[in-house]
Amino acid sequence: MMDNLDTLPKNLLAAYEKYGDSKVAMRQKDLGIWRSYSWEDSYKQVESLCLGLMEIGLERNDKVCIIGDNDPQYFWAQLAIQAAGGVAVGIFTDSSPLEIKYIVDHSDSICVFAKDQEQCDKLLEIKDQLPRVIRVVYWEEKGLWNYQEPWLISFRDLQAAGNKGNLEQPGLFRQSIMQGQADDLAVFCYTSGTTGVPKGAMITHANLIAGCDSAQQADPRLDSDEYLSFLPPAWITENVLGLTIHLRTGMLVNFPESPETVQENIREITPQAMLYSARLWENMMAMVQVKIADTSLINRFIYKLFMPVGYKVASIRYEKRTPVNVFLKLFYNIGKAALFQPLRDKLGLTRVKSAYSSGAALNPEVIRFFRAIGVNIKQLYGSTEAQVHTLHIGDDVRFETVGVPSPGQKIKISESGEILVSGGTVFQGYYKDIEGTRKAIIVDGNGQRWFCTGDAGHIDNDGHLIYLDRMKEMITLSSGEKYSPQFLEGQLKFSPYIRDVMTVGGEDKAFVTALINIDFENVGRWAEKRGLPYTTFVDLSQKNEVYALIRQDVERVNGTLPEAANITKFVLLHKEFDADEGELTRTRKLRRNLLYERYMDMIAAMYGEGDKILVKAAIKYQDGREGTIETEVHVASMEKKEV
Amino acid sequence: MDPDYLFLSVQNISLAFGGIMSLNDVSFDAQKGEILAIIGPNGAGKTSLLNCLNNFYHPSEGKILFKGKDLTRLPPFRIAELGIARTFQHTALYTGLSTLDNLMAARHIHMRSGMLDSILYWGRAQKEDIKHRQTVEEIIDFLEMEHIRKAIVGALPHGLRKRVELGRALALEPDLLLLDEPMTGMNVEEKEDMARFILDVQERRNISIMLIEHDMGLVMDIADRVIVLDFGMKIAEGSPDEIRNDTAVINAYLGRAEQ
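Keeping their order, the protein sequence lines are chains F and X. The first sequence begins at 1 in the working numbering and counts up one residue at a time. The second sequence begins at 1 in the working numbering and counts up one residue at a time.
Derived from the structure by calculation, the hints contain no laboratory data. Don't take every hint at face value.
Unchecked claim - With a Cα cut of at most 30 Å, we get these calculated DSSO-like pairs of lysine-lysine:
1) F:Lys142 with X:Lys150
2) F:Lys101 with X:Lys131
3) X:Lys131 with F:Lys142
4) F:Lys29 with X:Lys191
5) F:Lys29 with X:Lys32
6) F:Lys142 with X:Lys191
7) X:Lys191 with F:Lys122
8) F:Lys23 with X:Lys127
9) F:Lys529 with F:Lys509
10) F:Lys142 with X:Lys69
11) F:Lys353 with X:Lys127
12) F:Lys432 with F:Lys127
13) X:Lys127 with F:Lys29
14) X:Lys150 with F:Lys346
15) X:Lys127 with F:Lys142
16) F:Lys23 with X:Lys32
17) F:Lys472 with F:Lys482
Unchecked claim - Covered by chain F, per the in silico footprint, the following chain X stretches (three or more residues, Cβ under 8 Å):
18) 137-143
19) 200-211
Here a beta-carbon is modelled for each residue, glycine too, at the ideal position from N, C-alpha and C.
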């Protein structure tokens, strides 16, 4: 047994020695049946592949690209490259030949693993422009049987060459693994490059292992846990949360039959841990709601009966944090058998212990929905360069934050409001890009390296990070303070009573204001419940009670932000923003300039003294006639209590 | 193999509906493992020709020899057993069954276990079922249909149904595959996929393919040989290049200039 498991291949060797043939390492569905690979299988695959790579001339520090879906072969290829001392460079499968050419060329790769005919064809198209590439290795042989192209070699042939070498020089593989150092580069992750060309983030074995150990502290995985690998393997997340955790904990990794069958395979495997984008969680909830609307009367009845119970119990448990009373608990348990459990089964969530969401902020509605059926979704925020920065740990889940720093990492906010991250996961820089690296990593007085995320954020009193937006999307006020329109509007729109918001600010403004559209339907229902009479939208929107209702939401959002970025005044508009009038795009995005001009008087009033403004607005009736309405709109100030 | 061995030989067949000659004295041969395309304007008799090949129609004259056997006297199911499978211009699947069941149904001609065996589902019947399932799964993998394995065929979009139909034809394990407009109503990407599948079928399984298709670019790309029909008569036969420059073909498609 080795003591120093500081590279991925060393971890593979250790796991092989520990489990051998007695434990399944990976599983993949093939021809409709889940097939297993033991740790010994996995190890042997990597061994022959690694020796094959050495046979064709791979040397330490050489780079090798991999383009492919989530398959055991992808993981084996990556480990084989690393065992030979090389660096694995992942490329997304939907990349065009041009994009592939850029990455293969820029990373100085001497060999490429390309899954199938589709990827091989792309490479053949650009063969002339890749003089350094010795061989292209494929693992899905379909369609490639009759290619007469010596540049291409199959996985199997490469392994056969490696096995031959193994007979001549036994022990070479192990020796090569032992030569690996923690600070060796393990992978390059090319960032998507929304701005300019992609940049290759250099990540060492130590980085990956630090990320894995941090995740293990926050939310440990066991070797009896199941995991389904479906995030793109070229992405850092799959490298850490998938491959590295697999190697270090023995967690079983399952691979989907094809990228199209992921949802089905999740249901079959029911993994303990899963990470979806916020969008996917939202889609899942919407899918359930649509399907319930289409289902039989009995099913709909059960859904209508038990869902409110689920919501209630979830809110007591997670928000009020008080014990649930016995009767409610009993009712909830019936609901569990009748509704929640079957629903979770459909979604493949029956065994999930850790459900994470990343990407955009997740709508609290979605979090509440999944809590009601018994799944507590946590948010996670990270980057390619420094992996997971923050996450929700345990039951400490708060809607508006992205959690606390992951164990072993430090977060601070720079003077300009940028989020900086430090810790073992911070990458080594961008490959062949000194300027970019200099901008991304700063070293402080104590010699600590900080990664500049380019994101704006704010740390609240409990140490939770609030993610606002990209730095360049922030707007500066006349005081020099910054605020994020995206964050304010997004968070306010999470309220069921608010349909649209436009915040106003800028270098000529001293504070932030907002034009708010109430949600007529929901606010109307709320008013009816409390016996509050109203006639029209105009009437309802200007009720003092409604102002008080919306004020609570504004206060809630303000509470998460430093005072300078707070909304100081707002108005409830007397009409809805309307796509027919060009105020919104057809996808309901704000046309800011037009709105700014149209509501200029109102905006001016918010920055003035008065608390009322007379509005005359031209309106178009549905039958085509035009008229004007005249009404008074209140300006609510967050400083004074009464409106 | 005997060099004189004729895989498929169509000899002077004619087919008449009332006074209309749908096929008029058509002859050609096909070799094992080739892709043969049949093209021609609408109503030229292309589908009639395929229908004669699996004896859906009975030609009034002429002979069709397949692996040395005359097909003209055999009922369609016997022809399927001999190794000719086909797909239809308008898909003809069991729309209430899943993809998997549609394919399994096609294995029927290869099943040997009797009714009693099947009811007991033990021993021989079970073993046989597993064997056929394996064959079907290989086809599902081959045509990349894993995600629709259990989907009801009636709910699938057109392009996928065409693929299921090709899969069902392959499940018969034919030597000759007749494809009647396998790519109609498909978008460019679906067409490219289908063309790739057809080439893979020929390459990997060494199955001869006769196909009718209107997309000329595609036909010229994938066919080894082309036969051109016009008003029930064969007006040309040859490699795609020869056909492209054939005056009779150009006239049939573009019309003849008045002399």
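The hints, checked one at a time:
1. F:Lys142 with X:Lys150: Roughly 23 Å between the alpha carbons, so the hint for Lys142 (chain F) and Lys150 (chain X) holds.
2. F:Lys101 with X:Lys131: violated, 44 Å
3. X:Lys131 with F:Lys142: holds, 22 Å
4. F:Lys29 with X:Lys191: holds, 28 Å
5. F:Lys29 with X:Lys32: Judged against 30 Å, a Cα distance of about 35 Å means the pair is violated.
6. F:Lys142 with X:Lys191: holds, 18 Å
7. X:Lys191 with F:Lys122: Roughly 19 Å between the alpha carbons, so the hint for Lys191 (chain X) and Lys122 (chain F) holds.
8. F:Lys23 with X:Lys127: holds, 29 Å
9. F:Lys529 with F:Lys509: violated, 39 Å
10. F:Lys142 with X:Lys69: violated, 34 Å
11. F:Lys353 with X:Lys127: violated, 40 Å
12. F:Lys432 with F:Lys127: Status holds; Cα separation ~23 Å.
13. X:Lys127 with F:Lys29: Between Lys127 (chain X) and Lys29 (chain F) the Cα gap is close to 21 Å, so the pair holds against 30 Å.
14. X:Lys150 with F:Lys346: Between Lys150 (chain X) and Lys346 (chain F) the Cα gap is close to 15 Å, so the pair holds against 30 Å.
15. X:Lys127 with F:Lys142: holds, 28 Å
16. F:Lys23 with X:Lys32: With a Cα-Cα distance of about 48 Å, the restraint between Lys23 (chain F) and Lys32 (chain X) is violated, given a limit of 30 Å.
17. F:Lys472 with F:Lys482: Given pair Lys472 (chain F), Lys482 (chain F) holds - Cα atoms ~11 Å apart, limit 30 Å.
18. 137-143: holds (count 5)
19. 200-211: It holds: at least three residues are needed, and the segment 200-211 of chain X offers 3 whose Cβ sits within less than 8 Å of chain F.
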